[in-house]
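Residue numbers (my numbering), protein chains in the order written: chain A, 34 to 532; chain B, 34 to 532.
Since the hints were made in silico from the structure, they are not lab data.
Worth double-checking, as some hints may not be accurate.
Identical chains blur together in the list; that is why a pair holds if it fits in one copy or across any two.
Said to hold, decoys possible - BS3-like, lysine-lysine: derived pairs with alpha carbons at most 30 Å apart:
| # | residue 1 | residue 2 |
| --- | --- | --- |
| 1 | Lys-516 | Lys-392 |
| 2 | Lys-497 | Lys-516 |
| 3 | Lys-392 | Lys-70 |
| 4 | Lys-516 | Lys-308 |
| 5 | Lys-516 | Lys-501 |
| 6 | Lys-483 | Lys-169 |
| 7 | Lys-392 | Lys-340 |
| 8 | Lys-131 | Lys-70 |
| 9 | Lys-340 | Lys-137 |
| 10 | Lys-501 | Lys-131 |
| 11 | Lys-415 | Lys-340 |
| 12 | Lys-169 | Lys-378 |
| 13 | Lys-169 | Lys-469 |
| 14 | Lys-398 | Lys-91 |
| 15 | Lys-194 | Lys-398 |
| 16 | Lys-415 | Lys-194 |
| 17 | Lys-194 | Lys-137 |
| 18 | Lys-308 | Lys-91 |
| 19 | Lys-308 | Lys-415 |
| 20 | Lys-91 | Lys-516 |
| 21 | Lys-398 | Lys-131 |
| 22 | Lys-483 | Lys-340 |
| 23 | Lys-137 | Lys-516 |
| 24 | Lys-131 | Lys-483 |
| 25 | Lys-169 | Lys-308 |
| 26 | Lys-340 | Lys-80 |
| 27 | Lys-169 | Lys-501 |
2 protein chains.
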Amino acid sequence: MSATGLLKLRPNVVKSFFRTYKASGIPELTQVRHNVKRGNYATLEGKDIAFFESIVGKNHLVQDDLQGYNVDFMRSVRGSSQLVLRPSSTQEVSAILKYCNERKLAVCPQGGNTGLVGGSVPVCDEIVLSLARLDKILHIDEITGIAACEAGCILENLDLKARELGLVVPLDLGAKSSCHIGGNVSTNAGGLRVLRYGNLHGSVLGVEAVLANGDVLDLMSDFKKDNTGYHLKHLFIGSEGTLGVVTKVSMLCAPQSQAQHVAFLGLSSFDDVLKTFRDSRQFLGEILSSCELIDANSLDASVNHFKLNSPIEGYPFYMLIETSGSNAEHDMEKFNRFLENGMEKGQIIDGTITGEVGKMQEIWKLRELVPVALIEDGFCFKYDISLPLREFYHIVEVMQERVGNLATRVCGYGHLGDSNLHLNICCQEFTQEIYKCIEPFVYEYTSQVKGSISAEHGIGFLKKNYLKYSKSPAAISKMRELKQLLDPNSILNPYKVLN
Amino acid sequence: MSATGLLKLRPNVVKSFFRTYKASGIPELTQVRHNVKRGNYATLEGKDIAFFESIVGKNHLVQDDLQGYNVDFMRSVRGSSQLVLRPSSTQEVSAILKYCNERKLAVCPQGGNTGLVGGSVPVCDEIVLSLARLDKILHIDEITGIAACEAGCILENLDLKARELGLVVPLDLGAKSSCHIGGNVSTNAGGLRVLRYGNLHGSVLGVEAVLANGDVLDLMSDFKKDNTGYHLKHLFIGSEGTLGVVTKVSMLCAPQSQAQHVAFLGLSSFDDVLKTFRDSRQFLGEILSSCELIDANSLDASVNHFKLNSPIEGYPFYMLIETSGSNAEHDMEKFNRFLENGMEKGQIIDGTITGEVGKMQEIWKLRELVPVALIEDGFCFKYDISLPLREFYHIVEVMQERVGNLATRVCGYGHLGDSNLHLNICCQEFTQEIYKCIEPFVYEYTSQVKGSISAEHGIGFLKKNYLKYSKSPAAISKMRELKQLLDPNSILNPYKVLN
Numbered sequence: 034m035s036a037t038g039l040l041k042l043r044p045n046v047v048k049s050f051f052r053t054y055k056a057s058g059i060p061e062l063t064q065v066r067h068n069v070k071r072g073n074y075a076t077l078e079g080k081d082i083a084f085f086e087s088i089v090g091k092n093h094l095v096q097d098d099l100q101g102y103n104v105d106f107m108r109s110v111r112g113s114s115q116l117v118l119r120p121s122s123t124q125e126v127s128a129i130l131k132y133c134n135e136r137k138l139a140v141c142p143q144g145g146n147t148g149l150v151g152g153s154v155p156v157c158d159e160i161v162l163s164l165a166r167l168d169k170i171l172h173i174d175e176i177t178g179i180a181a182c183e184a185g186c187i188l189e190n191l192d193l194k195a196r197e198l199g200l201v202v203p204l205d206l207g208a209k210s211s212c213h214i215g216g217n218v219s220t221n222a223g224g225l226r227v228l229r230y231g232n233l234h235g236s237v238l239g240v241e242a243v244l245a246n247g248d249v250l251d252l253m254s255d256f257k258k259d260n261t262g263y264h265l266k267h268l269f270i271g272s273e274g275t276l277g278v279v280t281k282v283s284m285l286c287a288p289q290s291q292a293q294h295v296a297f298l299g300l301s302s303f304d305d306v307l308k309t310f311r312d313s314r315q316f317l318g319e320i321l322s323s324c325e326l327i328d329a330n331s332l333d334a335s336v337n338h339f340k341l342n343s344p345i346e347g348y349p350f351y352m353l354i355e356t357s358g359s360n361a362e363h364d365m366e367k368f369n370r371f372l373e374n375g376m377e378k379g380q381i382i383d384g385t386i387t388g389e390v391g392k393m394q395e396i397w398k399l400r401e402l403v404p405v406a407l408i409e410d411g412f413c414f415k416y417d418i419s420l421p422l423r424e425f426y427h428i429v430e431v432m433q434e435r436v437g438n439l440a441t442r443v444c445g446y447g448h449l450g451d452s453n454l455h456l457n458i459c460c461q462e463f464t465q466e467i468y469k470c471i472e473p474f475v476y477e478y479t480s481q482v483k484g485s486i487s488a489e490h491g492i493g494f495l496k497k498n499y500l501k502y503s504k505s506p507a508a509i510s511k512m513r514e515l516k517q518l519l520d521p522n523s524i525l526n527p528y529k530v531l532n
Numbered sequence: 034m035s036a037t038g039l040l041k042l043r044p045n046v047v048k049s050f051f052r053t054y055k056a057s058g059i060p061e062l063t064q065v066r067h068n069v070k071r072g073n074y075a076t077l078e079g080k081d082i083a084f085f086e087s088i089v090g091k092n093h094l095v096q097d098d099l100q101g102y103n104v105d106f107m108r109s110v111r112g113s114s115q116l117v118l119r120p121s122s123t124q125e126v127s128a129i130l131k132y133c134n135e136r137k138l139a140v141c142p143q144g145g146n147t148g149l150v151g152g153s154v155p156v157c158d159e160i161v162l163s164l165a166r167l168d169k170i171l172h173i174d175e176i177t178g179i180a181a182c183e184a185g186c187i188l189e190n191l192d193l194k195a196r197e198l199g200l201v202v203p204l205d206l207g208a209k210s211s212c213h214i215g216g217n218v219s220t221n222a223g224g225l226r227v228l229r230y231g232n233l234h235g236s237v238l239g240v241e242a243v244l245a246n247g248d249v250l251d252l253m254s255d256f257k258k259d260n261t262g263y264h265l266k267h268l269f270i271g272s273e274g275t276l277g278v279v280t281k282v283s284m285l286c287a288p289q290s291q292a293q294h295v296a297f298l299g300l301s302s303f304d305d306v307l308k309t310f311r312d313s314r315q316f317l318g319e320i321l322s323s324c325e326l327i328d329a330n331s332l333d334a335s336v337n338h339f340k341l342n343s344p345i346e347g348y349p350f351y352m353l354i355e356t357s358g359s360n361a362e363h364d365m366e367k368f369n370r371f372l373e374n375g376m377e378k379g380q381i382i383d384g385t386i387t388g389e390v391g392k393m394q395e396i397w398k399l400r401e402l403v404p405v406a407l408i409e410d411g412f413c414f415k416y417d418i419s420l421p422l423r424e425f426y427h428i429v430e431v432m433q434e435r436v437g438n439l440a441t442r443v444c445g446y447g448h449l450g451d452s453n454l455h456l457n458i459c460c461q462e463f464t465q466e467i468y469k470c471i472e473p474f475v476y477e478y479t480s481q482v483k484g485s486i487s488a489e490h491g492i493g494f495l496k497k498n499y500l501k502y503s504k505s506p507a508a509i510s511k512m513r514e515l516k517q518l519l520d521p522n523s524i525l526n527p528y529k530v531l532n
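Full structure from sequences and hints, please.
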């Protein structure tokens, strides 16, 4: 299978996701629910518009039809920005921020606007700074695998270019066809291949960022090793545009795999799931590229809502295990040994394995459509948490017990190989009763087992009240001091991350 | 081969290195040469000693025989500290720093003291804060591979414990048997397996650090994914103890490989070296674990000084390529195809490949003893730089031309797979003439091709005057502001990293 083939299905998934979520009745104006008070920023005046026009030109200063910029992908936050600026260079970004900082105008940097925590849209009337026109691929080195591009480059575009050279971008997301590299870096995006390629702190080699005062910090590097002073680039990886605006990125691409295989397995207990994961690391070692968990309730949702055929059924737990290697024959042999071992031990009850593109796509659909299918129940509470593997599934059972008949479905799926659970609680409609039954309990529970209340989605606007469950007061205080140091007027992406 | 077997040779190498370097005539009191002016710190008084004794106890407050703490591994810096404190817990570290901060007493945190840039020893009379007693392994999870330990834990001890569980620490260094994890993290140590496992920003999951004012920042995490706010831990990875003292670390271990193979190849041009590296990524993909370059002058040094036998000779370039995989038969087949391809194309002229532990050790010796052998010429100027691969070897030729007969040997070897060259210029003794011929030219050259003037060794004390060649004034200014924020009295590891 070519991974590209597999990914072709995703743009539709994303579209459908958006459509169904829109119809699901989630309140759009979350900031009203949260009682957001507009910060003490200046208000846009005619002279500001004139200045911005002198920088980006008339065509890239947008004042009409801003719905697409004001509302996030989940339709959970709707800002009321009156102005979108679409600069085409780092220098233009710098001039805009310098001016906004002096004038105390709030700015919301925006990439592909595919974030899930309301981090990429204005909350009040911030100026939207769209990075969409900074979309150039700067270079890709075939030998070292090092690629550099501007922040507005779409992930899939960089990946397609890398594949022409036998390389692959070490990041793969459902939103691949619309998300920007700059946004990926700013949110430390996770996704489907963290198990194989690690996170962006490891694979990003350099960034260029524009600070709130307009200063350009050139931390670009084409090297895996650079131990010259503080590693400042990491300040901009995962700080969600609140410390600076990422304008360029260089990263290390991996060699493209020659072969892929996918197995879909049925298991009778979570204990067997854990043992199978441990064995997958041992038997598949360097070729293991995904290890996903889907529980029966999750599979039921995608199978029924999308009329899919699951190759196996009737088990409480399913695992999707993928390998990517440089020799199909070798990989298949390793995979077979792994499966034989699991079945001999009785850990794996049933399963199917394939290396055919079409069949692998069918299997991936069972997993990838789960989040979309779950929304069809009506309303869905979604949590993205990291948990110790021994506690990984327990929270699903605890939650089933807690919410009882209030929910139509409580289920868990996700990136088992990264200890990242997507816990979902579905109901016919949002009620305060079920909401209070779930929150803040779910965060307290996660905090008690020292998990992370946001594994890969970030904090953004929607989770900032829960930050305390994963970060100590000392850490939050240090975050505030960093924010104060780098953005003393707090113009960058206000109302996000920190309260 | 077990990598452990291989590593057993290293403690001797290290010892020998120390011995020979000592005899090589490098000036010991570099700080005199650099004209260091003692900072405006308080001077140790009786009341201070009494306080420290109340914290660490009489036995762990050392005032005599401090040579081992005052002199670095390379004997290039000699401090004049009068006091070493050996706390046994984070709380004790915290109490010490809080006191020192209030009293304005300078502190030099020290791990295994194996650094190569004078970062781990006092420059003047700083109090040495040894982390050696914080040596506990806290836990290692067999399934997820996540390990946590105190900062003073010796790298090899953690690795041996991990191997008992089928895991391997994703870091391998010559100084493995004496360096501390906390020091590795503080210096973002590189080494022999960065090609395979990436750098510590990717594999360190959490740190606990004590700030200059004694505040404990608990950023420990047992998760690969944690997107809750700013990723503060990276401030302490690679900042060489100047922003805080790392007291605990958690990191992700990799599954231990079942098989290893090593090839030693002869090539006739650097262009062929590059092509062979590119092919190694393609043919060996996920099993490639090291790709090292050794030029003829480097090999000649280790062969002649240590009376070693090289399996092949007479080529201008040699490559050592290592694979680590989960199936010896599969790995060997891949390796053979790679070698056949290289020989058919005429890129590889000759070579040998082995999977036998003893023979692999013999081959690794040829590479690992190069840095030691080069010192035997008398005096050796050593540079650790990252360069674009297309420029990688050019600097060796340029330097040969520049220094001409002033040098006994100009050579290059290193981690080709990480674009990390160790450039060495040997001479009978240090003279101003050859020194001026080399510096600052070598840094200017590196800067011009946008390389890094310190790939893996750090800045420490010895390279701080050259930081400007790899970091922009804006970046250096931001580093200063961070230092001011986290350590306003500048008590932590003064005279290092920043001027």
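How the hints compare with the structure:
no. : hint              : result
1   : Lys-516 - Lys-392 : neither (48 Å within a copy, 55 Å between copies)
2   : Lys-497 - Lys-516 : both (15 Å within a copy, 27 Å between copies)
3   : Lys-392 - Lys-70  : neither (51 Å within a copy, 70 Å between copies)
4   : Lys-516 - Lys-308 : neither (43 Å within a copy, 46 Å between copies)
5   : Lys-516 - Lys-501 : both (17 Å within a copy, 26 Å between copies)
6   : Lys-483 - Lys-169 : between (41 Å within a copy, 20 Å between copies)
7   : Lys-392 - Lys-340 : within (16 Å within a copy, 59 Å between copies)
8   : Lys-131 - Lys-70  : within (25 Å within a copy, 39 Å between copies)
9   : Lys-340 - Lys-137 : neither (53 Å within a copy, 71 Å between copies)
10  : Lys-501 - Lys-131 : between (32 Å within a copy, 25 Å between copies)
11  : Lys-415 - Lys-340 : within (23 Å within a copy, 66 Å between copies)
12  : Lys-169 - Lys-378 : neither (52 Å within a copy, 36 Å between copies)
13  : Lys-169 - Lys-469 : neither (47 Å within a copy, 42 Å between copies)
14  : Lys-398 - Lys-91  : neither (44 Å within a copy, 66 Å between copies)
15  : Lys-194 - Lys-398 : within (25 Å within a copy, 40 Å between copies)
16  : Lys-415 - Lys-194 : neither (34 Å within a copy, 39 Å between copies)
17  : Lys-194 - Lys-137 : neither (40 Å within a copy, 55 Å between copies)
18  : Lys-308 - Lys-91  : neither (61 Å within a copy, 49 Å between copies)
19  : Lys-308 - Lys-415 : within (27 Å within a copy, 49 Å between copies)
20  : Lys-91 - Lys-516  : neither (33 Å within a copy, 43 Å between copies)
21  : Lys-398 - Lys-131 : neither (46 Å within a copy, 56 Å between copies)
22  : Lys-483 - Lys-340 : neither (39 Å within a copy, 55 Å between copies)
23  : Lys-137 - Lys-516 : both (15 Å within a copy, 27 Å between copies)
24  : Lys-131 - Lys-483 : between (40 Å within a copy, 28 Å between copies)
25  : Lys-169 - Lys-308 : between (45 Å within a copy, 28 Å between copies)
26  : Lys-340 - Lys-80  : neither (57 Å within a copy, 78 Å between copies)
27  : Lys-169 - Lys-501 : between (38 Å within a copy, 29 Å between copies)
In terms of the numbered hints stated before, the structure departs from hints 1, 3, 4, 9, 12, 13, 14, 16, 17, 18, 20, 21, 22, 26, listed from lowest to highest.
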